[in-house]
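Colleague: Put chain B on the given structure of chain A with help from the hints.
Protein chains: 2
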Amino acid sequence: MTSIKATRTSPNTYTVVNDFGAELKVSAPGVPGTFSPGELLQAAVVGCASLSAEAQLAHQLGQDFTASATVESTETTGLITDLLYTLQVDMAGLDQQAQDKLIASAAKKIDRLCSVKRSIHHGINTETVIAP
Amino acid sequence: MTSIKATRTSPNTYTVVNDFGAELKVSAPGVPGTFSPGELLQAAVVGCASLSAEAQLAHQLGQDFTASATVESTETTGLITDLLYTLQVDMAGLDQQAQDKLIASAAKKIDRLCSVKRSIHHGINTETVIAP
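In the order they appear, the protein sequences are chains A and B. UniProt numbering puts the first residue of the first sequence at 1, with every later residue one more than the last. UniProt numbering puts the first residue of the second sequence at 1, with every later residue one more than the last.
Here chain A stands alone, though its shape is the one from the complex (with noise of 0.2 Å):
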């Protein structure tokens, strides 16, 4: 997996960047421009789950299929303990059935290949080296 640089930009915000000309910039919640930590972290699980549902989606749907995504977080003293991600996907030109074996089809696509979101559920070790 590639990694990640930040730079302190400015009071209380330092700018992302990864090798392949993305950039983002992180501050606490409710700054304008900026994601928080939380939104990062939702962004991430938004993003693999939807990534890995891909595949299955465009061969039902076809390559232009309609869909957006949204994540909630609760946190209790200071601890996310729960992210809800909801897929809404266009799905109105297959019938009930087809739609139900679709979304059951893509829910287990997401739960085999999403590896941030099992490893967000399995506990990730975190350290911390701080250098002069």
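Possibly wrong hints are sitting among the right ones.
Any copy will do: because identical chains look the same in the list, a pair fits if it lies in one copy or spans two.
[What the hints assert, rightly or not] Think about it this way: if two alpha-carbon atoms lie no more than 30 Å apart in a straight line, the pair counts; the simulated DSSO-like pairs of lysine-lysine are:
1. Lys5 with Lys101
2. Lys5 with Lys108
3. Lys25 with Lys108
4. Lys25 with Lys5
No wet-lab data here; the hints were simulated from the structure.
Modeller: Frame of chain A, contents of chain B only:
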């Protein structure tokens, strides 16, 4: 905590927005101009940890201190098992003893304040809903 929304804007790519005008694209690793889900998880950790140390560092080094950070992840059999967060801070104005003291107190703040890091370590329940 605020929630985020993602819309499928092209095959294999979702555009993620929050309520404060920030936007990013998530896709498979290596797609120009986009972050992968794993990179967004790293970005969540780098932001959370760095911002948790902000007040401590600004107090000792001034509002305009220079810092950069990285996160590297270790993956085994489809699970992200370890995230190594490294923060590099310019402490040239401090003597060795003051540097050691600041590093220790910043690390303590990160452990105490960074809820994303603690939540990931602890494990987060994740649920999926797919709707037509």
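Colleague: If you check each hint against the structure, which ones fail?
Modeller: Hint check: nothing fails, all pass.
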